[in-house]
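For reference, the chains in residue letters:
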Amino acid sequence: MTGSAIQPTIPRPKTNGLLRRIAKGRSGYLFLAPHFLFFALFFLYPFCQGIFRSFFSYSFGSFEFWGFQGYRKLLQDRLFWVALKNTAYYTLSIVPLWLLKALVVSVLLFPFSSRVQTFYKALFYLPHVASVVIISLLWLWIYNPQYGLLNALLKLAGLPAQVWLGNRILAMPSVIFMQLVMGGGTTIVLLSAALAGIPPEYIEVARIEGARQSQVFFRIMLPLIKPVILYLVVIGTINSFQVFEQVYVMTRGGPEFSTVTLVYQIYDRAFLTFDFGLALAESVVLMLILMALAVVQFRFLGGGAVEY
Amino acid sequence: MENAARSPVRIRPGSVVVIAILTLLAAVSLTPLWWMLVTAFSRPELTLEFPPPILPIPPTLVNFVQVLRFGQMARWFLNSAIVSVSVTVASVFFASMAGYALAKKEFPGREVFLWLYIVSMMIPTQVTLVPRYILVSKLGLIDTYWVLILPLIASPSSAFLVKQYMMSLPTALIESALIDGAGEWRIYAKIIFPLAMQGLAVLIVMTFVGEWNSFLWVLIATNSIEMRNLQAGLTYLQELYPMRHAWIMAASALSAIPMFLLFFSLQKYFLKGITVGAIKG
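Chain order of the listed sequences is A and B. Under this note's numbering, the residues of the first sequence are numbered 1 to 308, in order. Under this note's numbering, the residues of the second sequence are numbered 309 to 589, in order.
Hints listed in this document are in silico derivations from the structure and should not be mistaken for laboratory results. One thing to keep in mind: the hints can contain errors.
To be verified - Below 20 Å or equal to it, Euclidean Cα-Cα: the simulated EDC-like pairs (lysine to aspartate or glutamate) are: (1) LYS73(A) with ASP268(A); (2) LYS413(B) with GLU492(B); (3) LYS498(B) with GLU483(B); (4) LYS498(B) with ASP488(B); (5) LYS85(A) with GLU201(A); (6) LYS24(A) with ASP488(B); (7) LYS226(A) with GLU201(A); (8) LYS413(B) with GLU483(B); (9) LYS24(A) with GLU419(B); (10) LYS412(B) with GLU492(B); (11) LYS24(A) with GLU483(B); (12) LYS413(B) with ASP488(B); (13) LYS446(B) with GLU64(A); (14) LYS24(A) with GLU357(B); (15) LYS412(B) with ASP488(B); (16) LYS155(A) with GLU357(B); (17) LYS446(B) with ASP275(A); (18) LYS85(A) with ASP268(A); (19) LYS24(A) with GLU492(B); (20) LYS73(A) with ASP275(A); (21) LYS412(B) with GLU357(B).
To be verified - To spell it out: a stretch of chain A is covered by chain B in this simulated footprint if at least three of its residues, at any positions, have a beta carbon under 8 Å from a beta carbon of chain B; those stretches are: (22) 17-24; (23) 121-128; (24) 184-191; (25) 241-250; (26) 275-286.
For every residue, glycine included, the Cβ atom is placed at its ideal position computed from N, Cα and C.
Could you put the whole structure together from the sequences, leaning on the hints where they help?
This is the structure we're talking about:
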């Protein structure tokens, strides 16, 4: 390792330098080629095509240039704004809720030995191993108005039964509640890892200095794991903005469009009503929203990396 | 909480309360999964009982037998297995080569490739869903195994993950092998691949489970019921028999149990995979 560092750089002739380096590095290209070819064909190419084609009307075989018309049509569509609002509602609820759940769990777990920690991390992660489809099917039954567990419990408590997923005010909160109960395992694992990475001296010194438990948490632990929290908020937002399976299995966007999300709407436009132009425009808008959110969140929450 | 958290090392009496809270929280999210298994192994009549049975007494396989008699179930299971195994093998193999090139090889344009991969990791896959569908339908791949396998082989985050892992492998080893006259492919196959196995295991587990549980792409890229995987099959079953809860739970259990077994036997790799490949969410 050190040997290569002190080796003098071999002077190369200026002419054909690039070609020579390409020839010399050919094994690198060959190793990269299989992966990159598939990546280019099934990711880069569709990605560019998607942006390009969003400027065309493309429905039932008709294919003509319409510039920004697709985007204008999309922005004038009332249902697009409904979907955007629903998606934002879902994301702005579930991301902080998961973070809160994960903070509580990982702070509670923090004092225990790593074996105990691993055991509980595994328990909390287990629902993630089952597919979202299965989780949604399970909860579809729990929410069932006639036979569901939830209404049976309400009845036991003497409360009126609810049509959880068939009520436009309750449907989205029901989906969010399911996600809160079943999800957040990834966040817990990552936050626990971040807490475990705090040098124990920091906390010990603070305690010797007489810091209270809350002070240790708010003044030492929280600032130190801030970069991880920021990362979790950004990734959580990006992932939650793409919510689809839950909606497909549990509500199909209903009742009265109260659970239509952006990805569900893209799916609906492209594969149920075959309006590819509008679906593509919406995909591009979704991407722009996610990029903007990531930038804003980094600006807003970023503010300098923490060094241990 | 106060007592337990005061000392980062020792466990105090107050920790019993903490353990109770943690166990309760975990139990709430595990109960529906337990209930799935109980329902799957109970007689269908018990589905409607309240409170729901805690154990499947008497245990029965009747739901599994019935749901498997429903023609496509075995096929969906097979499809899930074929697609998950194929995608995992090809994807990890290609990613390991690409990661090796990006980590250890010097060639012009390397930075550009790396940059492309990193930027692509931030673009949500759902954004390319529609154009990718248009592409595969033009290629005539709709409703084949190819459409379920080929587009999922080259994940930029997998290549990046391997690259990060391979950076830690000693370059001196490769150089000495080169001096000994070993060919490039031999070095990769005999030295790099075995050395990276520890890191690749994480990727194998994550890719396999992700593929097994995938849904949206299968839903749009297949037309016939026989080409669906377990997840897309489950939603179909639910549409056909919304009130046959015991069947649906048995079918769900058929999909979930292999993943649970995988998780319990390879837990270390799962938990590592989350922290290492956190980008996959």
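Exercise for the section: Could you check the structure against the hints above and give me the numbers of any it violates, in ascending order? Expected result: 5, 14, 21
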